[in-house]
Amino acid sequence: MIPLSWYLIVAAVLFSVGMFGAISRKNAIAILISIELMLNAVNINILAFWHYHSQTLGYTDLHGMVFAAIVIMAAAAEVAIGLALIIAVYRQRKTVVASEVNALKG
Amino acid sequence: MTPLQIVFLLVSIVTIFSAILVVSLQKIFHAALWLIVTLMGVAILFVLLEASFFAAVQILVYIGAIAIILIFAIMLTRNIMSDEEIQSNRSWGLVLLLVLVFAVIFINQLSQSAIFNSILYPLEVQGQDNIMAFGQGLLDPAGFALPFELASLLLLAALVGGVYLAMDKKGGEAK
Amino acid sequence: MKILEFLSDPIIVIQEWIIQLFTNWGVTQEWQTFLLYLIGSAILGTSALLITLVLIWAERKIIGRLQDRLGPNRIGPWGIFQPVADMLKIFIKEHIIPDEVDPIPYHIAPIISVASVLLMWAIVPFSDNVRGSDLNVAILFLLGVGGLGELGVILAGWGSNNKYSMLAAFRASAQMISYEVPMAIVLLIVVILSGSMSLGDIVSSQNIANIFLLPLGALIFFIASIAENGRAPFDLAEAESELVAGFNMEYSGLKFGMFYVADFLRAFTSSVIFASIFLGGWRGPGAEQIPILGFFYLLIKSTIIWFIGVWIRGSMPRFRVDQMMAITWKFLTPLSLALLIVIAFVNKLLANSSQLIQVVVFLIINFVLFYIGFLISNKLINEKVRMEVSSHKRVLAQPTNIFTQPNSGG
Amino acid sequence: MNYELLTWLIPLPPLLAFFIIFLATHKNNKLSHSLAIAGAGLSWVFSMMVFFFAIGYEKELTSSISWLPTAETWLNIGVQVDALTAITLFFVAWTVLMIFIYSVGYHNFGQPKGDHDRPGLAPHGAELIDQDGKHKHVLSIEPMYARFFGFISLFAFAMYVLVVSNNLLTLYIGWEIMGLCSYLLIGFWYAKPSAKAAAQKAFLTTRIGDVFMLIGLAALYTLTGSLHYEVIFSETVLHDLATTISPVFGLSWAGLIGLLILMGVVGKSSQFPLHVWLPDAMEGPTPVSAMIHAATMVSAGVYLAIRFFPVLSAGWDGGSALTTPMVVMAAIGSFTALFSATIAVAQRDVKRVLAYSTISQLGFMIAALGVGAYIAAAFHLVTHAIFKALLFLGSGSIIHGMEHGVLHTQEHIDPQDMYNMGGLRKKMPITFITFLIGGFALAGFPFITAGFWSKDEILSGAFNGGFNVVFWVLAISAFITAFYTMRQISLVFLGNPRTSAAKHAHETTATMTFPLVILSIFAISIGWVGIPEYFPVIGGIVPNWLETFLGSMLHSEHAEAHHSSIPLITSLVVSLGGLFLGGLVYRKIQNTEKDPLEWSLSGVYKVLANKYYIDEIYQFVFIRPTEWFAEKIVYQLIDQKILDGFLHGVGKLSMWLGGKFRFWFDLPIINKGGDKMALGAQKMGSNLKVTQSGRIQDYMVLALAFSLLGGFLFYLLLF
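Protein chains in written order, with this note's numbering: chain A, 1 to 106; chain U, 1 to 175; chain V, 1 to 410; chain H, 1 to 719.
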């Protein structure tokens, strides 16, 4: 009963909010949180399209589900590694501010 | 307006509102709490999409694990960055502008799609069968067994890598 | 006839009556469903909370008896109205909010705690056709809701702005996260056996109660659920001598009462879940014809389990933190993983053999695994003790050193 | 039992033994020779199984797999067992196994290490001091014992590959590996200059033939598109080859290819112009000589000739009008037979006599093929392989016994010189009897020995075909063969010892005599399978199995041979006469210096003893001019004067040009321009540096901004 467009718009807005957070926040953990938001937006999109496809096909479309599951797994792995990195950087440099970690330059 | 639509609107408004709070709040701990609300909202959206499995996984993985770990990390690093500091980069205004432009373009492009305005109806295949098909597809060699195994490998690597990175190497702290 | 039908299956009769009522009022189909869910959840939540009153009294009474005391005995016959009095006291107590608390987490935490318990009731099948929701991912839901419980604890610890609360919250959440692992694995075994993640299907697939197939799994689940609830002997988060009173010590009045209720209710709820998963839930003689019997069977089964939990609580000393962690990571988790692997194999192998053989083989596997695990853990414990003794060097005063080595002792 | 698979497996065990010995076990002598013998034994078992299957069912075993992709098709390789393969497998398996076992004793396994032995030289013997304090000289173990077994394993592998393969490509591969192995084994004692030279000679001489053979194979592949026997030897292909005319000398393609292949056969089987390597190959250890002369190399040449007979004889109707290759074969073969038999008469080295006899006998086979006596050639190939292996191993045994004596007496004499021997029959009885059997087989002693039957077949083939010249030449050769065989036997075994070393000679170990006994049994009995049915008295008692078996292979039908007793009488006369004469002349030789023929033939004897000066002629005609050309013309004139001068000139010119370029172009334009560019880049870099802050989020902003900008531009351009 709900139009596909609603989901897509919500996902797009959520994605944009996440992107804003990822670029503008100082705290590395906050950046990670924002990335989680973006991943969630992606998953909404994937599952909405999955629903649409399953509905037009008449049977369960596996690709969308698998895609969504893998996004969730990747998110879990990303958080684990990201937080471990943040902790390691914190140990090394006593900071979690992303802009103070500026070794990425010539 | 059906009840489902009302639910959807409420949930999505809450979700987006809390997401905005997540990226704008001064206190990082509160941002994490609002993240949980957002994730909950997304889980409800999943339920509305009849992907109850993913709703449960969303709660289990995101709220039960990811959010908790994030909160742990925030607590562990709390003393370094006090909440009184400005939490945004100087260029946040520019970023906001760019992101707004991006969002407008994004949604505009989405609306060009042919299926943009189609309506989602309840699925003919009911929940239990969906999960069954999903599970069998994941373990089917002709289906997604390889990506599934690769994902498990990824998780294992993340586990080991996370432990290694976060491990307090002996002597590193001793000064 | 109507009376008999009502007696045998009151909920459904009431439901039909309400639907008729709504139809007469001209409520559309969708709204009817919505309203029915609303009413149902209100009734379920309220009754669950009301059960708590009885539970608190019963538990205090039993513990008292176990400890050779009388237990509550002043108010009402056998002190049965004691919890009511307590409740009234908590309602009217002054509501102190300490300074410097973080208001949002502080206020939300008790609500989340109670909600995480009440949410579990949504998926419990009370009889063949009476349940909150036949969720097809009930097992995942259970685990997810467990995660919400952790959240409540952490919020309480953080929001209180008190380092003891914080420490207790860390302990409690670490404990809950750790014990969720073996619990989830045992639940996976159950899912393998019944072929469904829906609690209703799991119950109805138990022609033989799962506890006979998986005594070891049931044991692991039971231990894990006690730990998950943070009750003795796993009540480390409330260790008075170390942490004053746990994560909820800055709370008072009604908010404390909510934690209190959540604690007691969670114990019973996990007994209900245990009964559903391992003891066949509502199933019993005649329960399919007369659904009301199902309620009673479930009640009896879960009460027995709950009683065992209370019994343990009253008789076991508390574990140390390292012991608590060692139990799950070094004993329960490997054991449950081994059980999962073996059961998955054997289940596939015996798919076509008779039920009797399956039961016997499963039993043998369980006991063998338990014995092996027991042996290994025993060995570890013994080794550890020996190690401590041998590595412990007695420091002896050696006055000669002072004279022979001028630099020492300086 | 899957016999196709079994056939595939035949060559593999020796190869495996080769690799294992070289990669792992070469430190352990016992393990190495056990592995080598086990490999050879396994191949022997497989070969016997396949052989008995083949003779039992008379069915060809074939199996092939796709091996190399060649554009659109595949190059197939495979195995095939027909009658020829079966009998070749038979004698190859037996002789190879016997030689392997013999080698254990020959290389003095179980003896102590020599004091002065070093790799690359034959063992000198060890000095032992017994309990009484006496010095005792004994034989010492070969320093490179394991290496030898590795090499001969590879050799055996190559031969098996050659025999079982069903196409000319794998045959050629085996052929070339054998060339390599012969090089390695002839030069096994590489520290000896003569051995080194002999190895190079063998390799280069056979190479001449191989190159022509490769050209022939290439021509064949170009014409027929295949190297498979079944394709090449099919009626239509043979017909096409025989009737189309090649661009060379008006020969048919079959003739041309036949001649080219024949060159390879001549090189490998050591026929007249390219025979020089084989006598020199005696420098290697004796088992190697046996391997080359009996089991593998030279047999491979004749095997190829027999295998290729359909092409060589393409267009031959069975009458006396021979094809060109056949004429060449008959000429070369009979000439070589006579030529090398005469040389053999004047040789003093026990092994060289046998070497020239080998060349001579191979000449018999080639000549037999030339006159179309196909079965006789195959028959003689088998019998010759057996008795020649026996003879070589026997001679090795003799030398070994002599070395024993030499070590004992500390004389400085050549243990291989027949004039230093004599009277060994009492010292080495087993060697004597087996050598006698082998020698009589070589001489064609009537009725008993295998050599008689096969040689008789060849003679009667030549006579019945009407090729009288060939017949008489071969008959004379046979006479001389019998003569020098008896000469050798008399000089070595009969009479009295002429040196004290010969007095102290000693019978060799069981590992060396056992193969002799086995092979001597075959040297007698193998002839019985080929007794012609028309033979008086005993003909037909044993059916002429060989002819029916091998005859099934032939494509062109023979005209029924008319029988005649002339060849029979001839062979009787020549063999008995030769033996008698040899015995008579050499019965009582006492001094070690003079040969009775030397005074009777004087000048001719000198020519013979020097092998008709062929080596010297080659030296003078080919090698010297080549060396002179290389030194004077190529090196001094072309290389040093012309090429170097030119290059020096070019170098000077370049230097001059380079200097000019440097001052007029490089410094002002390139250098300065480069500096300017570097400065510009530096300036730009310092201006752009601000964007590279090292902060990930700044990069993200830039990325977002530029992607939006790019998208906008793209949109503008597109619409």
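Don't read these hints as lab results, they were simulated from the structure. Check each hint, because a few of them may be wrong.
Unchecked claim - If you want the footprint, here are the derived chain V segments under chain U, 3+ residues with CB under 8 Å:
{"no.": "1", "stretch": "117 to 125"}
{"no.": "2", "stretch": "366 to 375"}
As the list claims (entries may be wrong) - Lysine to any residue pairs mimicking SDA-like chemistry, simulated, CA-CA at most 25 Å apart:
{"no.": "3", "chain 1": "H", "residue 1": "30", "chain 2": "H", "residue 2": "141"}
{"no.": "4", "chain 1": "U", "residue 1": "27", "chain 2": "V", "residue 2": "163"}
{"no.": "5", "chain 1": "V", "residue 1": "348", "chain 2": "U", "residue 2": "138"}
{"no.": "6", "chain 1": "U", "residue 1": "27", "chain 2": "V", "residue 2": "97"}
{"no.": "7", "chain 1": "U", "residue 1": "27", "chain 2": "A", "residue 2": "81"}
{"no.": "8", "chain 1": "H", "residue 1": "689", "chain 2": "U", "residue 2": "91"}
{"no.": "9", "chain 1": "V", "residue 1": "330", "chain 2": "U", "residue 2": "91"}
{"no.": "10", "chain 1": "V", "residue 1": "330", "chain 2": "U", "residue 2": "72"}
{"no.": "11", "chain 1": "V", "residue 1": "330", "chain 2": "U", "residue 2": "163"}
{"no.": "12", "chain 1": "A", "residue 1": "94", "chain 2": "U", "residue 2": "165"}
{"no.": "13", "chain 1": "V", "residue 1": "330", "chain 2": "U", "residue 2": "165"}
{"no.": "14", "chain 1": "V", "residue 1": "330", "chain 2": "V", "residue 2": "365"}
{"no.": "15", "chain 1": "H", "residue 1": "632", "chain 2": "H", "residue 2": "609"}
{"no.": "16", "chain 1": "V", "residue 1": "163", "chain 2": "A", "residue 2": "56"}
{"no.": "17", "chain 1": "U", "residue 1": "27", "chain 2": "V", "residue 2": "365"}
{"no.": "18", "chain 1": "A", "residue 1": "94", "chain 2": "U", "residue 2": "27"}
{"no.": "19", "chain 1": "A", "residue 1": "94", "chain 2": "U", "residue 2": "138"}
What you are looking at is a predicted structure, and each value in this text was computed from that prediction instead of being measured. We treat Cβ as the ideally placed atom computed from N, Cα and C, and that holds for glycine.
Against the structure, the hints come out as follows:
Counting residues of the stretch 117 to 125 of chain V whose beta carbon lies closer than 8 Å to any beta carbon of chain U gives 0, which falls short of the minimum of three for the stated coverage. Figure legend: the stretch 366 to 375 of chain V, annotated as covered by chain U; annotation inconsistent (0 residues with Cβ-Cβ distances under 8 Å, at least 3 required). Taking the CA atoms of residue 30 of chain H and residue 141 of chain H, the gap is about 12 Å. The hint holds against a cut of 25 Å. For the proposed pair residue 27 of chain U and residue 163 of chain V, the alpha carbon gap of about 19 Å is at most 25 Å, so the pair holds.
The straight-line distance between the Cα atoms of residue 348 of chain V and residue 138 of chain U is roughly 18 Å, inside the 25 Å bound, and the hint therefore holds. Restraint check for residue 27 of chain U and residue 97 of chain V: the C-alpha separation of about 20 Å stays at or below 25 Å, so the hint holds. With a C-alpha separation of about 23 Å, the suggested pairing of residue 27 of chain U with residue 81 of chain A holds against the 25 Å cut-off. A threshold of 25 Å between alpha carbons decides the hint, and for residue 689 of chain H with residue 91 of chain U the separation of about 18 Å falls inside it, so the pair holds.
The suggested pairing of residue 330 of chain V with residue 91 of chain U is violated, with an alpha-carbon distance near 50 Å, which exceeds 25 Å. A threshold of 25 Å between alpha carbons decides the hint, and for residue 330 of chain V with residue 72 of chain U the separation of about 23 Å falls inside it, so the pair holds. For the hint linking residue 330 of chain V to residue 163 of chain U, the alpha-carbon distance of about 18 Å falls within 25 Å, and the restraint holds. Simply put, residue 94 of chain A and residue 165 of chain U have alpha-carbon atoms about 15 Å apart, close enough for the 25 Å limit, and the pair holds.
About 23 Å separates the Cα atoms of residue 330 of chain V and residue 165 of chain U, which keeps this hinted pair within 25 Å; it holds. In summary, the hint linking residue 330 of chain V to residue 365 of chain V is supported, as the alpha carbons are separated by about 20 Å, within the 25 Å threshold. Distance hint between residue 632 of chain H and residue 609 of chain H is unfulfilled; the C-alpha atoms sit about 34 Å from each other, more than 25 Å. Restraint check for residue 163 of chain V and residue 56 of chain A: not satisfied, since their Cα atoms lie roughly 56 Å apart, outside the 25 Å limit.
Taken as a hint, the residue 27 of chain U and residue 365 of chain V pair is broken in the structure, with Cα atoms around 53 Å apart against an allowance of 25 Å. Between the alpha carbons of residue 94 of chain A and residue 27 of chain U the distance comes to roughly 19 Å, so the proposed pair stays at or under 25 Å and holds. Restraint check: the Cα-Cα separation between residue 94 of chain A and residue 138 of chain U comes to about 43 Å, which exceeds 25 Å; the hinted pair is violated.
Hint compliance for this structure: hints 1, 2, 9, 15, 16, 17, 19 are not met, and every other hint is.
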